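Novice: Build the full structure now, drawing on both the sequences and the hints.
Chains as they are written, first to last, in the numbering used here: chain A, 1 to 200; chain B, 1 to 200.
Treat the hints as calculated values from the structure; they're not laboratory data.
Since we're looking at a predicted model, the values are computed, not measured.
Be careful, since some hints might not be right.
To be verified - One side only, chain B facing chain A, incomplete, derived with CB under 8 Å: (1) Thr47; (2) Thr48; (3) Gly49; (4) Leu56; (5) Pro57; (6) Leu58; (7) Lys59; (8) Tyr62; (9) Arg69; (10) Lys72; (11) Phe73; (12) Phe170; (13) Pro181; (14) Trp183; (15) Gln190; (16) Arg193.
Unchecked claim - Below, computed lysine-lysine pairings styled on BS3-like, alpha-carbon distance capped at 25 Å: (17) Lys22(A) <-> Lys72(B); (18) Lys59(B) <-> Lys59(A); (19) Lys46(A) <-> Lys46(B); (20) Lys107(B) <-> Lys29(B); (21) Lys59(B) <-> Lys46(B).
Backbone N, C-alpha and C fix where the C-beta goes; we use that ideal spot for every residue, glycine too.
Number of protein chains: 2
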Amino acid sequence: MPEPIDFYFDFSSPYGYIASCKIDGLAAKHGRKVNWRPVLLGVVFKTTGSAPLPTLPLKGPYSVRDFVRTAKFMGVEFRQPPVFPVSSVAAARAFYWLEEREEARAKELARELYRAYFVQNIDISGVDEVVNVAGRLGVSAEELRAALNDPAVKARTRAEVDGALARGVFGSPYMVVDGEPFWGCDRLDQVDRWLATGGW
Amino acid sequence: MPEPIDFYFDFSSPYGYIASCKIDGLAAKHGRKVNWRPVLLGVVFKTTGSAPLPTLPLKGPYSVRDFVRTAKFMGVEFRQPPVFPVSSVAAARAFYWLEEREEARAKELARELYRAYFVQNIDISGVDEVVNVAGRLGVSAEELRAALNDPAVKARTRAEVDGALARGVFGSPYMVVDGEPFWGCDRLDQVDRWLATGGW
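Specialist: Here you go:
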């Protein structure tokens with residue numbers, strides 16, 4: 001059985017969202033599964049000395065233009081959120097809590113959260129919004145609210161981010177295929193060929 | 001007559017080199033010319049607060065891997081230079097000096113300089129190396145040496161870099177097609193479709 005693809009992403013990352021719409025289909029074409037791993041770019045950037053794209057001189061204005069254009073180029077529905085970027089801590093914690101119980105539903109939640117932020121432009125930084133979005137999948141509001149305050153869930157999320165950093169993850173999306181790292185939704189074409197050929 | 005594509009690049013940029021191997025062919029397919037514009041990322045990074053890729057935590061080691069992999073993916077001959085990055089001031093000045101006299105030959109010189117650095121791994125930061133490489137095209141060593149010390153050539157180069165910055169150029173390669181900016185050799189596929197469709 002071939003190894004799954006590790007797919008690291010931040011819930012506030014447009015390029016992560018674009019990749020999330022493609023990665024499972026791409027992997028399935030090659031008989032692979034995908035291991036979804038939300039990270040927190042805010043934490044990652046403290047290590048790398050980087051900053052959110054929109055805050056960068058010249059690159060910031062370009063980036064927003066590129067988000068919209070690249071989403072259209074790749075056939076992905078996208079609306080630039082008016083509040084951007086936002087904290088994705090609550091979303092990541094909800095994901096890891098649900099994943100321990102039901103892996104498949106955690107992935108559904110991730111898709112729903114991404115769609116809420118990048119299509120419906122709901123600010124998913126708030127606990128209320130995350131709970132509402134999870135409610136669409138039948139997740140109990142009471143249980144999720146408790147989980148988001150649970151020190152074990154917080155620790156688990158932090159450990160996942162630390163583990164990603166230790167592995168070299170510095171951006172979103174970041175995909176690892178049989179040990180080979182690929183950064184950016186513009187590397188999906190290389191991932192595709194890597195899976196087909198086993199590298200080059 | 002449609003507008004030429006403006007192609008900004010740094011002589012020390014691997015992604016700029018990769019794009020340089022493709023851009024004229026891509027443009028010709030759509031009946032366009034390409035206006036080659038060397039810039040100096042060292043100057044650009046002072047404005048943007050960025051730094052050369054290899055110096056960045058985590059992103060640095062990834063990048064060198066990605067240079068090699070992306071060159072192979074795109075079918076471009078490439079050897080990572082042992083000294084990297086290097087100053088590209090002499091190369092840029094040589095280009096702009098030659099361009100004022102013979103535009104076509106300046107583009108030939110640019111290709112030859114890129115090939116010297118990224119295939120033959122000649123450190124093109126030195127005046128001697130730039131003069132040698134230009135000599136392959138029959139450029140007079142004496143005239144070029146004088147030009148590289150000419151205040152007018154220095155001022156011209158600086159004005160080109162300032163003009164690029166004023167236009168928003170923050171990296172290499174950076175292409176402008178009918179006013180639309182594209183950053184990175186991984187945007188050539190978007191440039192291709194943009195030229196075919198006039199945007200989307």
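Novice: Hint by hint, say whether it matches the structure.
Specialist: Verification of the supplied hints:
| no. | hint | result |
| --- | --- | --- |
| 1 | Thr47 | holds, 6 Å |
| 2 | Thr48 | holds, 5 Å |
| 3 | Gly49 | holds, 7 Å |
| 4 | Leu56 | holds, 7 Å |
| 5 | Pro57 | holds, 5 Å |
| 6 | Leu58 | holds, 4 Å |
| 7 | Lys59 | holds, 5 Å |
| 8 | Tyr62 | holds, 6 Å |
| 9 | Arg69 | holds, 7 Å |
| 10 | Lys72 | holds, 5 Å |
| 11 | Phe73 | holds, 5 Å |
| 12 | Phe170 | holds, 4 Å |
| 13 | Pro181 | holds, 6 Å |
| 14 | Trp183 | holds, 6 Å |
| 15 | Gln190 | holds, 5 Å |
| 16 | Arg193 | holds, 7 Å |
| 17 | Lys22(A) <-> Lys72(B) | holds, 23 Å |
| 18 | Lys59(B) <-> Lys59(A) | holds, 17 Å |
| 19 | Lys46(A) <-> Lys46(B) | holds, 21 Å |
| 20 | Lys107(B) <-> Lys29(B) | holds, 19 Å |
| 21 | Lys59(B) <-> Lys46(B) | holds, 19 Å |
In summary, the structure agrees with every hint in the numbered list given earlier.
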